[in-house]
Amino acid sequence: MPDHLLLNGKKFFYDEIQHYSFRESIPLNGYEMKTLEFCKSWLQGVQEFPVMTSGSTGAPKVITLTREQMEASARRTLRIFNLQPEEKALVCLNTEYIAGMMMLVRGLVGNLHMTIIEPIGNPLASVEPAAHFDFVAMVPLQLQTLLEQTPEKVDQLNQMKAVLLGGAAIHKNLEEAVQQLTVPVYQSYGMTETVSHVAVRQLNGSARSDFYVAPEEVTLGQDERGCLTISAEVTNHETLITNDLVELRDAHSFQWLGRADNTINTGGVKVQLEKVENALGNAMATLGMNRRFFAAALPDETLGDKLIAVLEGSPLTVEEEHNLKGMLREHLGKYEIPKQFGYLPRLPETATGKVDRRGGMALL
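Per our numbering, the very first residue in the sequence shown carries number 1; after that it's consecutive.
None of these hints come from the bench; they were simulated from the model.
Every residue, glycine too, gets a C-beta built ideally from N, C-alpha and C.
Some hints here could point you the wrong way.
Unchecked claim - Straight-line Cα separation of at most 27 Å, BS3-like style, residue types lysine-lysine; simulated pairs:
1) LYS61 - LYS10
2) LYS270 - LYS354
3) LYS34 - LYS10
4) LYS339 - LYS275
5) LYS161 - LYS339
6) LYS88 - LYS10
7) LYS339 - LYS270
8) LYS339 - LYS354
9) LYS61 - LYS40
10) LYS354 - LYS275
11) LYS10 - LYS161
12) LYS172 - LYS354
13) LYS354 - LYS325
14) LYS11 - LYS88
As the list claims (entries may be wrong) - Label-pair restraints from in silico Cβ distances:
15) LYS325 - GLU216: 41 to 51 Å
16) LEU363 - GLY267: 25 to 35 Å
17) GLY359 - LEU240: 20 to 30 Å
18) GLY359 - ASN29: 21 to 31 Å
19) ASN29 - GLY267: 45 to 55 Å
20) ARG225 - GLU86: 37 to 47 Å
Turn these sequences into a full structure, and let the hints steer you where they fit.
Given below as structure tokens:
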């Protein structure tokens, strides 16, 4: 079984991590110290862990997760992706948040060889071409950057059992790009409160689907708003009520429609921002516009909410805006077409790499 991990190229043995005996002999930066302190706590048998939520849908807050919940989540991931002891995992997500933290737990529970690097835009950029990994979790922007900047790394990806994406929406251009990969690529559904993902959908290959599938031990339902409810070991078998509007296919699968708090009322018509963003992503991909964006609303005396789209980068030309609106009209209703385009040099992000809609509107 693995007796050490690699962190930013430095080897740390588990027995020294458990006793923190390396502190004086190996210089550590802040990220390395926090990562190793979590591993030390786990190896010492700590039963409760404070975790910061991402802040993507509300103010960040600290919640407490139990060791039992985290072990249940880790075992489920190991089973879903058929990860075996001594296989290799690349950890490239921030280990202070649930996605990166659970990669550490999966490695420790599953006896995986872990290579841990600080989160960067292209996780394989500095990795040796001969290095082999069986599993990695990334945010969509990391995979997009990797495919655009280092296409020669595709072979390394294709050697893996699975690539798991989470933390942000996956737009059309990336979903089309992953069709070139032979490694199965999955989009995760989950949150800090569910101890990482509780369902996944495959983005490529013969099993490509629009539906997220949860394992049998996870029970799904809907509340009166049509929002997803979740009950599982990771929720201590209590029913967790989300703000995610879904189409429920059965007790273990669903299609995600958007967030209830992203429904706006414009001119008396309810519009779901995610539907607008999905159409916008498809249209921009067709027109060769490769940039990030989000849909939002501004107060308007006549409409109540005025629908706008905010794009990253320099303003489109009048002709480009006209062409984009023309494509949107083919797929959206009158009130679902943005009334205005706004522009920011760079869209702000949350600590976990998601586009920060509220922060973007504040800058705008």
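For each hint, the structure was consulted:
Using a Cα cut-off of 27 Å, the hinted pair LYS61 and LYS10 is violated, with the two alpha carbons roughly 32 Å apart. For the given pair, LYS270 sits about 25 Å from LYS354 by alpha-carbon distance, which is consistent with the 27 Å threshold. For the hint pairing LYS34 with LYS10, the CA-to-CA distance comes to about 15 Å; that is within 27 Å, so the pair holds. Taking the CA atoms of LYS339 and LYS275, the gap is near 15 Å; set against the 27 Å cutoff, the hint holds.
For the hint pairing LYS161 with LYS339, the CA-to-CA distance comes to about 44 Å; that exceeds 27 Å, so the pair is violated. Restraint check: the Cα-Cα separation between LYS88 and LYS10 comes to about 16 Å, which is no more than 27 Å; the hinted pair holds. In summary, the hint linking LYS339 to LYS270 is supported, as the alpha carbons are separated by about 15 Å, within the 27 Å threshold. Straight-line distance between C-alpha atoms of LYS339 and LYS354 comes to about 25 Å, which keeps the hinted pair within the 27 Å bound.
For a cut-off of 27 Å, the pair hint linking LYS61 to LYS40 stands: about 24 Å separates their Cα positions. For the suggested pair LYS354 and LYS275, the alpha carbons sit about 18 Å apart, so the restraint of at most 27 Å is met. Taken as a hint, the LYS10 and LYS161 pair is honoured in the structure, with Cα atoms around 25 Å apart against an allowance of 27 Å. The suggested pairing of LYS172 with LYS354 holds, with an alpha-carbon distance near 16 Å, which does not exceed 27 Å.
With a C-alpha separation of about 26 Å, the suggested pairing of LYS354 with LYS325 holds against the 27 Å cut-off. Our distance criterion of 27 Å between C-alpha atoms is met by LYS11 and LYS88, whose separation comes to about 15 Å. Checked against the hint of 41 to 51 Å, the C-beta distance between LYS325 and GLU216 comes to roughly 46 Å, which is consistent with it. The hinted range of 25 to 35 Å is satisfied by LEU363 and GLY267, whose Cβ atoms lie roughly 26 Å apart.
Separation of GLY359 from LEU240 is about 26 Å and conforms to the stated range, judged on CB atoms against 20 to 30 Å. Between GLY359 and ASN29 the beta carbon distance is about 26 Å. The supplied range of 21 to 31 Å therefore holds. In this structure the hint that ASN29 and GLY267 lie 45 to 55 Å apart at CB holds, the actual value being about 53 Å. For ARG225 and GLU86, the Cβ-Cβ distance of about 46 Å falls inside the hinted range of 37 to 47 Å, so the restraint holds.
Of the hints listed earlier, those the structure fails to meet are numbers 1, 5, in rising order.
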